[in-house]
Amino acid sequence: MPNWPILSVITFLPLVGALLIMLCVRGEGKLQEKAAQQIALWVSLATFVISLLTLKYFDPANTGFQLVENLVWIPAYKIAYIKGVDGISVWFVIISTFLTPICVLSAIGGVHKRVKEFMIALLLLESMMVGVFTSLDFVLFYLFFEGILIPMFLIIGIWGGEKRTYAAYKFFLYTFLGSVLMLVAIFAMVQHVGTTDMRAMIGAGFPKEMAVWLWLAFFASFAVKTPMWPFHTWLPYAHVEAPTAGSVILAGVLLKMGGYGFIRIAVQMLPEASVKFAPLVIGLSLIAIIYTSLVALAQSDMKKLIAYSSVAHMGYVTLGIFSFNQPGLDGAMMVMLSHTFVSAALFLCVGVVYDRLHTRDIARYGGMAHNMPKYALVFMLFMLASVGLPGTSGFVGEFLSMQGAYLANSWYAFIAATGVVLGAAYMLWLYRRLFYGDLTKDDVRAMPDLNAREYAMFLPLLALVLWIGIYPAPFRNVFAPTAEKILSDTLKLAGGSHG
Amino acid sequence: MTLPLDLIAVFAPLLGAIIVGLGNRALGDRAAQIITCALMLCAATASVMLFNYVALEHHVLDRMLLPWIQSGTLNVSWALHIDTLTAVMLVVVNGVSSMVHIYSVGYMSHDKSIPRFMAYLSLFSFFMLMLVTSSNLLQMFFGWEGVGVASYLLINFWFHKTSANNASIKAFLVNRVGDFGFMLGIFGCYLLFDSIQFTDIFARAPQLADTQIIFLGHNLPALTTVCLLLFVGAMGKSAQLGLHTWLPDAMEGPTPVSALIHAATMVTAGVFMVSRLSPLFEYAPSALAVVAVVGALTCIVAASIGLTQFDIKRVIAYSTMSQLGYMFFAAGVSAYSAAVFHLMTHAFFKALLFLGAGSVIHAMSGEQDMRKMGGIWKIIPKTYTLMWIGSLALAGIGIDGVFGFAGFYSKDLILESAIASGTWYGQLAYVLGLAAAFMTAFYSWRLIIMTFHGKSRADHHTLDHAHESPLVILLPLVPLALGAVFAGYCAWNWFGGEGRAVFWGHALFVVPERDTVAAAEHVDEIYKWLPLLMGVSGITLAYVFYAVKTDWPAKCASSLGAAYRAVYNKYYFDEAYDYLFVRTARKLGDFLWKRGDDGFIDRFGPDGVAGAVVRLAQRASAIETGYVYHYAFAMVIGVAVFISWFWLKG
Chain A
1 MPNWPILSVI TFLPLVGALL IMLCVRGEGK LQEKAAQQIA LWVSLATFVI SLLTLKYFDP
61 ANTGFQLVEN LVWIPAYKIA YIKGVDGISV WFVIISTFLT PICVLSAIGG VHKRVKEFMI
121 ALLLLESMMV GVFTSLDFVL FYLFFEGILI PMFLIIGIWG GEKRTYAAYK FFLYTFLGSV
181 LMLVAIFAMV QHVGTTDMRA MIGAGFPKEM AVWLWLAFFA SFAVKTPMWP FHTWLPYAHV
241 EAPTAGSVIL AGVLLKMGGY GFIRIAVQML PEASVKFAPL VIGLSLIAII YTSLVALAQS
301 DMKKLIAYSS VAHMGYVTLG IFSFNQPGLD GAMMVMLSHT FVSAALFLCV GVVYDRLHTR
361 DIARYGGMAH NMPKYALVFM LFMLASVGLP GTSGFVGEFL SMQGAYLANS WYAFIAATGV
421 VLGAAYMLWL YRRLFYGDLT KDDVRAMPDL NAREYAMFLP LLALVLWIGI YPAPFRNVFA
481 PTAEKILSDT LKLAGGSHG
Chain B
1 MTLPLDLIAV FAPLLGAIIV GLGNRALGDR AAQIITCALM LCAATASVML FNYVALEHHV
61 LDRMLLPWIQ SGTLNVSWAL HIDTLTAVML VVVNGVSSMV HIYSVGYMSH DKSIPRFMAY
121 LSLFSFFMLM LVTSSNLLQM FFGWEGVGVA SYLLINFWFH KTSANNASIK AFLVNRVGDF
181 GFMLGIFGCY LLFDSIQFTD IFARAPQLAD TQIIFLGHNL PALTTVCLLL FVGAMGKSAQ
241 LGLHTWLPDA MEGPTPVSAL IHAATMVTAG VFMVSRLSPL FEYAPSALAV VAVVGALTCI
301 VAASIGLTQF DIKRVIAYST MSQLGYMFFA AGVSAYSAAV FHLMTHAFFK ALLFLGAGSV
361 IHAMSGEQDM RKMGGIWKII PKTYTLMWIG SLALAGIGID GVFGFAGFYS KDLILESAIA
421 SGTWYGQLAY VLGLAAAFMT AFYSWRLIIM TFHGKSRADH HTLDHAHESP LVILLPLVPL
481 ALGAVFAGYC AWNWFGGEGR AVFWGHALFV VPERDTVAAA EHVDEIYKWL PLLMGVSGIT
541 LAYVFYAVKT DWPAKCASSL GAAYRAVYNK YYFDEAYDYL FVRTARKLGD FLWKRGDDGF
601 IDRFGPDGVA GAVVRLAQRA SAIETGYVYH YAFAMVIGVA VFISWFWLKG
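As you go down the protein sequences, you meet chains A and B in turn.
For the first sequence, this note's numbering gives the first residue as 1, with consecutive numbering after it.
For the second sequence, this note's numbering gives the first residue as 1, with consecutive numbering after it.
Derived from the structure by calculation, the hints contain no laboratory data.
Fair warning: there could be bad hints in the mix.
[Stated by the list, open to error] With a Cα cut of at most 20 Å, we get these calculated EDC-like pairs of lysine to aspartate or glutamate:
| hint | chain 1 | residue 1 | chain 2 | residue 2 |
| --- | --- | --- | --- | --- |
| 1 | B | Lys161 | A | Asp442 |
| 2 | B | Lys112 | A | Asp449 |
| 3 | A | Lys374 | A | Asp355 |
| 4 | A | Lys374 | B | Asp29 |
| 5 | B | Lys112 | A | Asp438 |
| 6 | A | Lys208 | A | Glu272 |
| 7 | A | Lys30 | A | Asp355 |
| 8 | A | Lys163 | B | Asp598 |
| 9 | B | Lys587 | A | Asp301 |
| 10 | A | Lys113 | A | Glu28 |
| 11 | B | Lys161 | A | Asp438 |
| 12 | B | Lys594 | A | Asp355 |
| 13 | A | Lys163 | B | Asp607 |
| 14 | B | Lys594 | A | Asp301 |
| 15 | B | Lys112 | B | Asp29 |
| 16 | A | Lys163 | A | Asp355 |
| 17 | B | Lys455 | B | Asp311 |
| 18 | B | Lys372 | B | Asp515 |
| 19 | B | Lys378 | B | Glu367 |
| 20 | A | Lys163 | B | Glu367 |
[Said to hold, decoys possible] So the derived list for chain A, only partly shown, Cβ under 7 Å to chain B, looks like this:
| hint | residue |
| --- | --- |
| 21 | Pro230 |
| 22 | Thr233 |
| 23 | Tyr291 |
| 24 | Leu294 |
| 25 | Leu381 |
| 26 | Ser410 |
| 27 | Ala425 |
| 28 | Arg432 |
| 29 | Asp438 |
| 30 | Tyr471 |
| 31 | Pro474 |
[As the list claims (entries may be wrong)] Derived Cβ-Cβ restraints for the label pairs, each shown as a range:
| hint | chain 1 | residue 1 | chain 2 | residue 2 | range |
| --- | --- | --- | --- | --- | --- |
| 32 | B | Thr73 | A | Asn70 | 35 to 41 Å |
| 33 | A | Ser300 | B | Gly375 | 49 to 55 Å |
| 34 | B | Arg30 | A | Trp42 | 53 to 59 Å |
| 35 | A | Tyr166 | B | Thr211 | 54 to 60 Å |
| 36 | A | Trp73 | B | Phe604 | 41 to 47 Å |
| 37 | B | Glu468 | A | His358 | 51 to 57 Å |
| 38 | B | Gly23 | A | Asn451 | 17 to 23 Å |
| 39 | A | Ser300 | B | Val544 | 54 to 60 Å |
| 40 | B | Tyr577 | A | Arg364 | 28 to 34 Å |
Note that the structure is predicted; figures quoted are calculated from it, not measured.
Even for Gly, the Cβ is constructed at its ideal location relative to N, Cα and C.
Given these sequences and hints, build the entire structure.
What follows is the structure, encoded as structure tokens:
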């Protein structure tokens, strides 16, 4: 246990960086842009390094919250500033701090207007993300949870593509529904328990009928965030319009807030209702897996295709969580970790050629394996991870999640496994259209292969994808005891096992 | 054992693939060839030494490498498990692979991506080795999917060709359908046995022989269900009827690939799987019956298609599929050692035939259509001789008790075991296998005569350039040819004779009352002679058709009409699948996207609401910034503040 508030430091360090850019980098010009980029890069890297210390101080065997910071904030309403992590949330903190420097690198190549502001927005986003995953006070949690939307809106709205207004709009309308309902539910819970401390909510036990309503309210919010079918239609638009760095954060971290919320709030605080509604969630997950995989087959826009594949992959997350057994929950966590790196990498891959040719239309490319062999290799490896090839991170999670589903009901696994076939179909078809065939278009032929900056983005992601795929134990060991505890508590409270 | 032979045998090819794959252009062609070939030869040497240590000196090697996937009671590790079955596979895989590596040095010498090709070949070998050395279902699955990816990459090696692109995707997807079954089988095994470790599964299988499980809402016999699910995986990888459509198309890949992956090794993975799981399949007799029937049907259907094709590689591809059918029905009648025997001999003579065909194609400037060949045996006599040897082995020519080519021993053992099993499916398999033996001989000599004899049908240009292949191409064929001649004779004792029990140890398991290989010795003489009769008459008929009465094939085809067209068009499997699955999936995807997402969810969800809001907003005030979401966002904050205020006050 360190004698300094490490979680607060990593939450607010990026904010400090943002302020630094705001205050110190004055005026416009190449030099200023460069300064802003450098500050953002080094601050986010520093944050990542410090966040790794949380892993060092973290004791996996302890299934409670650790590194807790507790300050009285608004005493009159018992609102406190409480931070802490457990085995589940510590990983989400790390992925947030890990992805941000990569996003900065991507933005250095891809964002050319209002560079300074973009860097500020990215750092702000990072603060918010770390804030969500480390907050143990419900009000604080809610502030971060909703606050994230501001920089994300700005990133889509200012640096986005042509239809950014419509995209941001749609994003808002969905989230609006979830946010309001969640806020009401939080108030109701706080009133019932008498404190805003989230730790007190776990195991507090809510009256049956109330729990049902609370669960539905949270479900609305998390189902939109995850996103689950049929609340997913904002995602393809948001991705398509967002700049590359925005898509990376969106797919890599923001979607995980849904999964995290399901585990932390729905399952941990409302176990009975969660078990009760499990068939609903699983049903929607299975629909999502098949439905969005089929839709992905029909796409002609690269980003839309990968966005739909994200929905399908997140289907394995909710499927795993609500199977209520160990492989299922472990699988859900592994899918989330893997999806973070793989989807981030795939969006970065799209960004590579988008930066060169400024189009996402798959038909505009073709034959790139001829002139960009290194890019082709990198894309191939991430594509294989996305289709869940054993030996890559994609497989570990999908396998466990489906194993969990099978233990609950063989139909679940049967349908989910169909998605594995479809997943291969749309990804191979995408790859074939981008990379194979003859190199006929002159502008495609003129594109240079990966540069050093792009290597720097991809290599860490690639290393992680293979590491998790071959030797996932160091990752799993951190969250496994907590996940086991959560599961046994849930089943105990929900009375009897499910499935 | 002083050297870690197992590690060398498995990881040397991986090392080669990584060095050459990453070094690619920096290394250069020659270095890439030397590194991969040398490491493959190391692996092959290690495999032979392992075979000696494990199979002949009766040891079993187990080496734990690294924990892999754990969750609850599920605990899977990377590990190497080498018993006799694995040792045989190691020799086959590394032996054929090293020959194919050397052959490729010559065959691909004009290609501009030599390092990439060599790296892919080595990578394939590594995955195949991980598959056969696995001690659990999951690592086997790793190798299984890995060889699938390597096969995908190699079929598509000439990626500028659309036909190669399509063939590679087809191969991957059809195999994924098989893997879908494999995965469900693994899930089922974990549910049943609480482990997916082979030793645990085999130890508990006998007690669970009569257990039922609920699968997809039905109460089914547990072991039969998981065995059949796993067998779906085997059907995909080994191109059994129904999931076979990818194999002929896979011939788009360079010929060394067809020899190594689509003849000698990868496609036999399914046979290996069933043999490896013999202690499980033995307690699921109904599953075995299905295996036998599927194998027998594949055997005859593929052989019949082979009669009609004109592409030299496709003829051999259908022949491969048909021979795999033999192996499966052997496994289906519990004659696992016969199945592995044929797997081994087939690897020799089929790799020989493919590489020989490659030599022909090389000589004919890339021509693959047998209608444009003929009369070249004098130009390429060495290739011609090697093709004869391969065909004699494939047709199973030999005289009982004297000497025979490799296929003679293994194929006859399979057929005799089938009839000796005394089951209806054994008898069915025997009859179909016998008919297929006739067809095999026929299409083999059809191939030889069309390719090498008669008047040349090639154009002058091609003929002028026709030449015997260089030594680097011919030399690797020699060990394969030796195998095609002697492998059956030399290995008979281990696979079908007295030494069987000692040789295999616990690697294969057969319930004593179903030991069909032992019973095969006592079948009537007639059953032993019929296969040879079929082979000889097939050869004779082919000679009559293609060398004497050369107008008969066309007459025959036209008089058969629709039946001939059905066979020639491969029974329309491709067309049916395209119509049923490919187009349906595309259409459904398009429908769900345009009608589902845009037409329904959005129309009645966000867009509907948004439209109403916009109309309201437009009426209420002029939009200044033009971004409605600014207002919308202000709204959510407003609502939040409003509610908070109420709550704090109350």
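Right, here's what the structure says about each hint:
1. B:Lys161 / A:Asp442: holds, 19 Å
2. B:Lys112 / A:Asp449: holds, 19 Å
3. A:Lys374 / A:Asp355: The given pair, whose Cα atoms are some 17 Å apart, holds under the 20 Å limit.
4. A:Lys374 / B:Asp29: holds, 18 Å
5. B:Lys112 / A:Asp438: Holds, at roughly 15 Å.
6. A:Lys208 / A:Glu272: holds, 8 Å
7. A:Lys30 / A:Asp355: holds, 19 Å
8. A:Lys163 / B:Asp598: This hinted pair holds, its Cα atoms lying about 15 Å apart.
9. B:Lys587 / A:Asp301: The given pair, whose Cα atoms are some 17 Å apart, holds under the 20 Å limit.
10. A:Lys113 / A:Glu28: Holds, at roughly 10 Å.
11. B:Lys161 / A:Asp438: Roughly 8 Å between the alpha carbons, so the hint for B:Lys161 and A:Asp438 holds.
12. B:Lys594 / A:Asp355: violated, 29 Å
13. A:Lys163 / B:Asp607: Holds. A:Lys163 to B:Asp607 sits at ~14 Å (cutoff 20 Å).
14. B:Lys594 / A:Asp301: holds, 14 Å
15. B:Lys112 / B:Asp29: holds, 9 Å
16. A:Lys163 / A:Asp355: holds, 18 Å
17. B:Lys455 / B:Asp311: At roughly 18 Å apart (the allowed maximum being 20 Å), B:Asp311 and B:Lys455 satisfy the hint.
18. B:Lys372 / B:Asp515: Violated, at roughly 49 Å.
19. B:Lys378 / B:Glu367: holds, 18 Å
20. A:Lys163 / B:Glu367: violated, 53 Å
21. Pro230: With a closest approach of 5 Å, the A:Pro230 hint holds.
22. Thr233: Because about 5 Å separates A:Thr233 from the closest Cβ in chain B, which is inside the 7 Å limit, the hint holds.
23. Tyr291: A:Tyr291 check passes; min Cβ-Cβ to chain B is 6 Å, inside 7 Å.
24. Leu294: At about 4 Å, which falls below the 7 Å cut-off, the nearest Cβ of chain B leaves the hint on A:Leu294 intact, so it holds.
25. Leu381: violated, 10 Å
26. Ser410: holds, 5 Å
27. Ala425: Result: holds, 6 Å to nearest chain B Cβ.
28. Arg432: Status holds, d = 5 Å.
29. Asp438: Holds, because the Cβ-Cβ distance from A:Asp438 to chain B comes to roughly 5 Å (cut-off 7 Å).
30. Tyr471: holds, 6 Å
31. Pro474: violated, 10 Å
32. B:Thr73 / A:Asn70: 35 to 41 Å: holds, 38 Å
33. A:Ser300 / B:Gly375: 49 to 55 Å: holds, 51 Å
34. B:Arg30 / A:Trp42: 53 to 59 Å: Hint violated: Cβ distance 45 Å, outside 53 to 59 Å.
35. A:Tyr166 / B:Thr211: 54 to 60 Å: Cβ of A:Tyr166 to Cβ of B:Thr211: about 57 Å, so the range 54 to 60 Å holds.
36. A:Trp73 / B:Phe604: 41 to 47 Å: holds, 42 Å
37. B:Glu468 / A:His358: 51 to 57 Å: holds, 55 Å
38. B:Gly23 / A:Asn451: 17 to 23 Å: holds, 20 Å
39. A:Ser300 / B:Val544: 54 to 60 Å: Once the Cβ atoms are compared, 56 Å apart, the range 54 to 60 Å for B:Val544 and A:Ser300 holds.
40. B:Tyr577 / A:Arg364: 28 to 34 Å: Since B:Tyr577 and A:Arg364 have Cβ atoms about 31 Å apart, the given range 28 to 34 Å holds.
Against the hints set out earlier in the document, violations occur for numbers 12, 18, 20, 25, 31, 34.
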